[in-house]
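Visitor: Please put together the full structure from these sequences, using the hints given.
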Amino acid sequence: MPTLAIIGAQWGDEGKGKITDYLAEDSDAVVRFQGGNNAGHTIVIGDNVFKLHLLPSGVLREGKLAIIGNGVVVNMDDMAEEIKQITDAGLSIDGLRISDRAHLIQNYHKKLDGAEEIYRGKNSVGTTKKGIGPTYQDKIARYGFRAGDILEPELVREKAEFILPMKKDLLKMMHAEECQCTVEKFEDKFKRWGETFGKYVCDTSVLINDMIDEGKNILFEGAQGAMLDIDHGTYPYVTSSSTVGGGICSGSGVAPNRIDNVVGCLKAYTTRVGEGPFVTELEGEAEEE
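Numbering-wise, the working numbering puts 48 at position 56 of the sequence shown, and it's gapless, one number per residue.
Fair warning: there could be bad hints in the mix.
Within a straight-line C-alpha distance of at most 25 Å, the following computed BS3-like cross-link-like pairs (lysine-lysine) qualify [to be verified]:
| id | residue 1 | residue 2 |
| --- | --- | --- |
| 1 | K164 | K191 |
| 2 | K191 | K160 |
| 3 | K181 | K191 |
| 4 | K122 | K208 |
| 5 | K208 | K183 |
| 6 | K164 | K177 |
| 7 | K76 | K183 |
| 8 | K164 | K151 |
| 9 | K177 | K121 |
| 10 | K122 | K10 |
| 11 | K259 | K208 |
The hints are simulated quantities; they were obtained by calculation from the structure and are not laboratory data.
Guide: The following block contains the structure:
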């Protein structure tokens, strides 16, 4: 399986994590290419139960690389909690790699996420309120902070000096919870992240392509499902990233002709969480039965 991708073919919760964890045994690297900590899967190893939302499944496999690609949005503090789960169990995360181009979720993103849902009212999309959508918004609007910025915290101040006031004004306009962060606190936070995570940050696109050139087995781990894709899903009740096979290319830096197989996961009966149409939902007597 030189390169194999696992994606959800429905609305998520198809059991991708279990399949990915099984296939990770024969992989040299497991790569996440989209989404953030709005996904989730539980992995059991011996007596230990790990609940992961951001880290790729391969992080629990000794000798494997667990790669967070450029298409992922990363909450550094939440990732630190997941890492603590693993290290407290006596396991290593030496195989973790984070793309220097992955965008970082900030506290104001989470506040904006909640405020936007309130503004939508009856048209709310059922967001997880973890700041995923607003972080992707900033990525497209070119206001984003990226993982590579933690390696150069001296440049963060310049960006924060014009981004933070804008976000504070936006939150105030939306009557949302005020953002208390200052430029100084922001700079300190990036320095702390750099000290903790800097050694894991690199150009993962080059890393992945080099591994493919060497004939290594690469497993791409999708999150959510095809029906939640930003372009091809039940818009606007979708996630903010590309969950289909095509998202692998833009989210990891790997060309289409380097992906050998894409496997869609299904479950016997369909479910979905959040808002939006669910055209196969059973109602009435059938639902009660």
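Visitor: Return the numbers of the hints above that this structure violates; sort them in rising order.
Guide: 1, 2, 4, 5, 11
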